[in-house]
Structure formats: C-alpha cells, structure tokens
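Turn these sequences into a full structure, and let the hints guide you.
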Amino acid sequence: MTNILKRAKENLRTIRTAGKLGWAMESNWTDPFLFAIYSIVRPLASSLILVVMYYVVTRGKTGMDLFAYIYVGNAFFMYVINVLFGVSWVIHEDRDHYQMIRYIYISPIRMYYYLFGRGIAKMVLTTVAVIITMAFGMLVLKIPVNLLAINYPLLLFSVAAGIFIITCLGILLAGVSMVTAHHSYALTEGMAGLFYLACGAIYPIDILPVWLQYLSKALPLTYWLELVRRSILGKSLSPTLSGYSDFQLILIMAATTLILALFSHWVYRSIEYIARKYGKIDQLTSY
Amino acid sequence: MNLAVETFDLNRTFKLKKAKNKGENGNNNGKLIALENANIKIHQGELFGLLGPNGAGKTTLIKILATLLLPTSGTGLVDGIDVVKYPEKVRKKINMVSGGEHCGYGILTVRETLWMFSQFYGIATKVAHRRIDELLKILKMEEFAKTKIGKLSTGLRQKLNFMRGFVCDPKIMFLDEPTLGLDVQIARDVRIYIRTWMKENPERTVLLTTHYMAEADELCDRVAIIDKGRVLVCDSPQNLKKSLAGEAVFYIEIPLSVNGMEKFGQIPGVKQFAYEHKSHLGRTELKFILEEESAISNVTESLSGNGSKIISLSKMEPSLEDVFVALVGRGLKNEN
Amino acid sequence: MKIDLKTNIKAIIARSYVRIVAANREPSWWFTETLLPILSTAAYVYVYKALNAPEEYTGFVILGGTMSAYWIHVLWSMAAQFYWEKEIGNLELYMIAPISRMSILLGMASGGMFLATTRAVFIFLVGSLIFKVDFAIISLPKLFAVFVLTLVGLYGLGMLFSSLFMLYGREAWHGVTLLQEPVHLMSGFFFPVRNLGFAVALGASLIPMTLGLDAMRQLAFKTGAKSGFISADVEIAALVGLCVLFLVVSKYALEYMEKLGKKEGRLTLRWQ
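Chains as they are written, first to last, in the numbering used here: chain A, 1 to 287; chain D, 1001 to 1336; chain B, 2001 to 2272.
In case anyone wonders, no lab produced these hints; they're calculated from the structure.
Treat the hints with care, as some may be off.
[Unchecked claim] Below, simulated DSBU-like cross-link-like pairs (lysine-lysine); rule was C-alpha separation at most 30 Å, straight line:
| # | chain 1 | residue 1 | chain 2 | residue 2 |
| --- | --- | --- | --- | --- |
| 1 | D | 1093 | B | 2142 |
| 2 | D | 1228 | B | 2259 |
| 3 | B | 2049 | D | 1089 |
| 4 | D | 1171 | D | 1093 |
None of these values were measured; they are calculated from a predicted model.
Encoded structure:
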C-alpha cells in the first residue's frame, strides 16, 4: 500500500513538473494580451471555415440541426488536434529542439506521466478555446444550445474520457515519433485528419462509405463526440448511433478505449525498444 | 607585413533585461560590456591566440570579425576589409569553427554534410570530394564517411564541425575553443591538423580562442590575454613568460581549506596569488608569484601561523597561466 | 557588390539536396506526406456531401486541399525554417558563408517544393479519382501560369516570413501556428472567396493563394467563373504584382533583419 502511495505521489510530481514546463513553453513567448488573442483567433478561424462552407450552401439557414451538429463537433474536435499534438510532439521537441530527451529519458520518471503532464497546458488552453468558440456560436451564430438543459455530468465525464483517449493516441504517436524524423508533425497532423474524417466530427458517420464506417465504429473518438453532442444538444443526428442509449455508448467507448490503451502501450514499448536498439532515442533528425 | 586582422577600439555592449550582476564588466545601467576598446593586430600567416576565462569577450570578438555581430563602436578589418561595411567580401576570406557545437542536418551523412557546406563557398564538387577525403584521412574519420551525422558520437560530431570549417580552405580561420570537450586524442589530432594546415600555405592565418593555456603555449605564435572585455597584453608566449623572469612562481599544497584564502594575497613580497581547491584530493593548491624568491619565507611563515600544514612546495618555471595570474590577479579556475 | 552567381547556384542546389534526398531517406515520410494529408481534405468533401452541396464544390475542396500542401509547406518549412536553423546552430554558418541568404531560402524552397508537390499531386490525383471531380479546363496555359505565379508569390511570402522569424524564438513557432487556420479561412481554401464579401476578399488578396485559388477555380471548373471574385485575367495581373512585391520586399527584409540581429546580438541566440 505504501509503495502504491509512494508511486502515485511520484507520478503526480512528474505530471505537475511536466505540466509547469509545458505551460512555460506554451505561454512565455509573449505578453498575456497577445497570448489571449492568439488563443482565440486560431480556434475561431477553424470554426469559421465550416461556418462559411455551411453558409455558402444553405445561404444562411443556421437554425438547422446539422449546423449545430457541425459546430459543436468541430469545437470539441480541437481537443483532438491540440492534445494529440501537445503529447506526441514532446518527443521531437525535447529531442531535436531542446536536446533534453536523453536526460529526461534516463531520469527515474515514467514517460507516460511526463507526456501527459506536458500535454496539460494544451488541455487547459483548448478548454478555454472551446468555451470561447461555443460562446461565439451561441451568441453570434445563434446555435440552439440551452445552457440549463445541458447534461453537465455527462459532458464533464465525456471531456475527461476524451482527454484520456486522446492522450492514449498521443502516446502511440509519441512512440512512432521516436523513430521518425523532423516530419513527425505531419504524422500528427495526418492522424488528426484521419480522425476528423472518420469520427463524425463535422457530419454524421452515415455519410461515409460503408467500409469507412467500420473504422469509425472501431474508434472511441466517434462515441466520445456523440456523447459530447448529446450532452450539449440533447439529440443525435446519426441514424447509426442514435440507436444506442447514453449508457450503451459509454460502454462501447470504454471497451474501444481499453483496446486503444493496450494497443498504444504495446506500440510505444515496442518502438521504444527499437529506438534504444538502434540508438535513436536522442538522434538529431532535422533537415 | 600584411595584416590579416586588425581592430581599432572595438567595443560591444549588450542590453540586459535585468542587470542582476553588478560586477566589473556589468553595470547597473542594464548593460553588459563584452568588449572594451579592443585593439589587436594579427599578421598574415600567424597563429594568434586569444586567451581568457569564460565570458572574457573572446567569442564576442570572433563573432564580430566573422560578420555575425556588429560592434557597438570601433572598427574591425579582416584582410584589410571592414567587417561592418563589407561583410560579403569578408565572408569570402573566412570560416569559423566553434568548439562544442555541431553543424548540419542529422539525416545527412558526414560526406554529404561536408559537401553541402563546401557548395556554399563555390567549391567544385570534384575538388570538394578530394578535400573531404584528405580531411577524413587526416582526422581519422574515413570509416564514418557514410554515417548519418545524427548517429555520430558527440566528439565525432565536433570533429565533423571542425572539418566543415576547413573543407572550404579559408584564408583566415577563426577557431573558437576548437578542442572544447574533446578527448585527449581527438584534441591532439585537431592541434596537429591546425599546425599542418598553417604550414601548407604561408598566407593562412588562424585566430584561436581558448582558455587552455597549454594549448595556446603549444600552438600560438603570439597571444593576447583578454579579461572582462579588455585586451590586457599581447606578445609571443615566450616573451610573455619572460616578463615574469624576475619573479618567482611557487606552488604550495595545503590540506583543503575553503575559507580565508584572500588574505594570502596580502603577504609581504607576494605580487599575485591564486588558488584552486582539489576537494577529491582533500587539498588546496596555492600559486604565489613573488617579487623575489626570498619572499617565500614570508609565505611559509604566514601559512604556519594560519595553522596550515604545507604538504608540498615547488618552484616552477613561469607558464602562460602565471602570466594570466600576474596580470589579472586571479587564476582561471577561481574566476570569482 | 557583384554577386557570385555560380556560388549561389551551388548553394541553392546544395540546400535543396538536403530536402530532397534526406526526406526520402525516411520511409515514413511517404506515408505522412502522401496518404495522410488526403484525409482532412476528404473530411471537407463530406461536409459538402452532408449539406447536399452542388457537385463542383467537391472539386473546389480538392483544389483547395491540393494547394494547402504548398501553404503548409511555406509556413512550416520556409517561414519557420530560419528559426529552426538558428536553434540547431546552422544559421550562423549560413550567415558567414559568402552567399546570398536568398540562395539558402531558394534552396529550401526548391527542395521543399518537390516534397510539397508530391503531397499536392497525391491529394489532387487521389481526391479527383475517389470523388470523381469533373474538370472543365477553359485555358490550360492560363491555368498553368496561375499555378506557377501562385507558387512564386507564395514562396516569396514565405521568404518574407523567414526573415521576420529569423530573430524570434518561440514567437516564430506560434506565429506560424497562428497563420495556418486563419489563412485557410481568408484565402477560401474550401469555398469561393467571394462568399466572404468584397472587402474581406480584397484584403485577403494580399496573400497570393487567395487570387491563385480563385483564378484556378475559374479556369478549371464549369461554374467556376460564376463564383469567382474578380476576372481571372485581372487576378493573373495582380499575382504578377504580388510576386515582384514579395520577392523584392523579402530581399530587403532579410537584409534588414540580419542587420538588426547582428546589432542586437540575437542572430545566434538559441533555446529561447
């Protein structure tokens, strides 16, 4: 018992230290005002692309359910892009840029906690960005969200689960980054693109070809986004997913997340072994 | 004789965000004086050493001469060309190697990296490869020619950086602590190569900065000692050492004694004093430069009076380090 | 000062060699640069499908996704590159070499353009085939001219960014991140820029991609001209102006920033 407590304390310390480091890296490059603008402009721009696409086709009928579906899904998908990047990019950043990976790697901390800790800053910033984007949607674009009708417990649970799922994915990509070069950012960006395409972030998965829907159903992020939307909008637009109750969705998400977590662990450990074998842990790869 | 490098009252100050140190070379105006009225003349064909502790201004001077940094005031000429006004012309004559640094892209091989940098100097590919072969051979790197530089050890990467500087065959080479962090054998290879390279062509000039006094003693035709941005003296190592001929240099070892060292500098007859703690040996090494040899009795008396047992006492021939101590009033290792 | 053309050409070739040969040395590059980028583009296609948008919008998105390969490349491998070079210690070696800094940037651009083209071609071909894009090319020479001008202007802009970011540490990194999405929005990567309104579209036209994409859509799709911002011919003329502007301004900006960096001692300042 004492050992477990001791280990938990050590892991918490790792998360805290890595979190502080991540925050310093995220925020210390400019003054707070510019930082605030920066944190707002980017997510809003990404949402506005979809808003304009929607306007172009529908000529401004924003009251439709599909608009809210797209907007909410896209807002919360920011977690995928940012946290995935925040966790997986650490390997490249610490290795090629700051050239500190060797010292972190040989320290007696657990890398998973370190990677998670480094991603915390992104998680916090993304949460702020999501809130701003949602507020913009409700106030300016009149997204039909009733604040009193939101299922907050489900929303909080979903967000926490989502962060866990994305961290698992981030760890998987961090593993791959150990043996890839400077272009590993493209890998993260590409994987985020895959989830954007397959997880029903901005359209119901039913629109996808059947073979791609199989992939959608295998990914926990699909269920996560559905749960988030249900908690905020109170309904589902996907014929495939609307057949499941909230509890069933949670169960499916838990099962797929477990498989993902085990797979990520296996990939990370295997590639870490290969990286050590071929001396790639602290390689310099820039070009 | 033609001058390869000439500086006139070269100054460089850096603005500091917060002036934490109010030491001699920092002041409370938020500025750090890195170089102060530096005047040096380096002749063509000369291997010139710039000696000084960390933060003395050596790298600042090299950066100015290598066109990487503008002086706050003063003039620097490289091969007679003003480094501020005509940096493009200067760059055709020079190259620079900074010790402890790496170059290139981890994903290229050693040969490819050297070739790439040679192209920035317009060297024909055939000539470049011939030079690369020579360098690889002389610096014992042949077996690594096709190795990606990301896979090289730290020492080998530094060696590669060294080769990178020489593959372009500059007229004037700036070597900033080229043997920093290298093991004894690699450092020796590097020193031998520098000498060989100089001998091949009498027009070649090297400005070498180092804080290894023995290295400067072994390699340099002339040296300048620089401290806190000021050039204190400039002459050949022999002449500098001769300047201490009338003085006596003594090394004394006492049991490790951390406190109250400064008072030994006040002993009558002591011109300069420096010390170094060797904790692993449980000893403190004292160096005394005396006005005359007889003053050693004052020293031993003072040490006995202080309760310090003398473990060993020896009289030494003056070295460049002693010259530094005599000029600066402290050794390189007790900089504060 | 007389420019040593031969040396500068050698420098361009050498720097582009790094990009072309080295990137291809990493097998994973093919996966990340060809297969993955098509996915997010496809997502935008499905948005239009979910909205029952007219068929040509699929083509608009594929073209936007194709050109996005260049924009992302200009941001990450051009604009931010001098910052990276500074961090890994190469920038000072470029600075002391007797070559124009523009040669280094041109080397990066030409090498990188090869990589970005691989990515773009893949998105274009696979996207067009999978989603059965119906092209109706009005004038191939004009279309080609627009494409080339867009790239020249865009890389000119990248060079300008490079010089600005040369002195900065993490600001450069975040600056690049900040530009990516807003430019995707303002330049109309996934919809005709006219929909943003005349004033916004005019402002966004300072980015060569805005006019380039609009002109290409007008020249490559049946209904493209109908949704165009201004006529393709005017856009071509404006692109020529932007190309000259950015190449000239970037040259002076580069010289100015280098001088500033040397004055402030920030040219070799790392790990900010």
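Hints, one by one, checked against the model:
1. D:1093 with B:2142: Violated, at roughly 47 Å.
2. D:1228 with B:2259: Given pair residue 1228 of chain D, residue 2259 of chain B holds - Cα atoms ~26 Å apart, limit 30 Å.
3. B:2049 with D:1089: Not OK: residue 2049 of chain B and residue 1089 of chain D at ~61 Å, beyond 30 Å, violated.
4. D:1171 with D:1093: Holds, at roughly 5 Å.
In this structure, the earlier hints numbered 1, 3 are contradicted, and the remaining ones agree with it.
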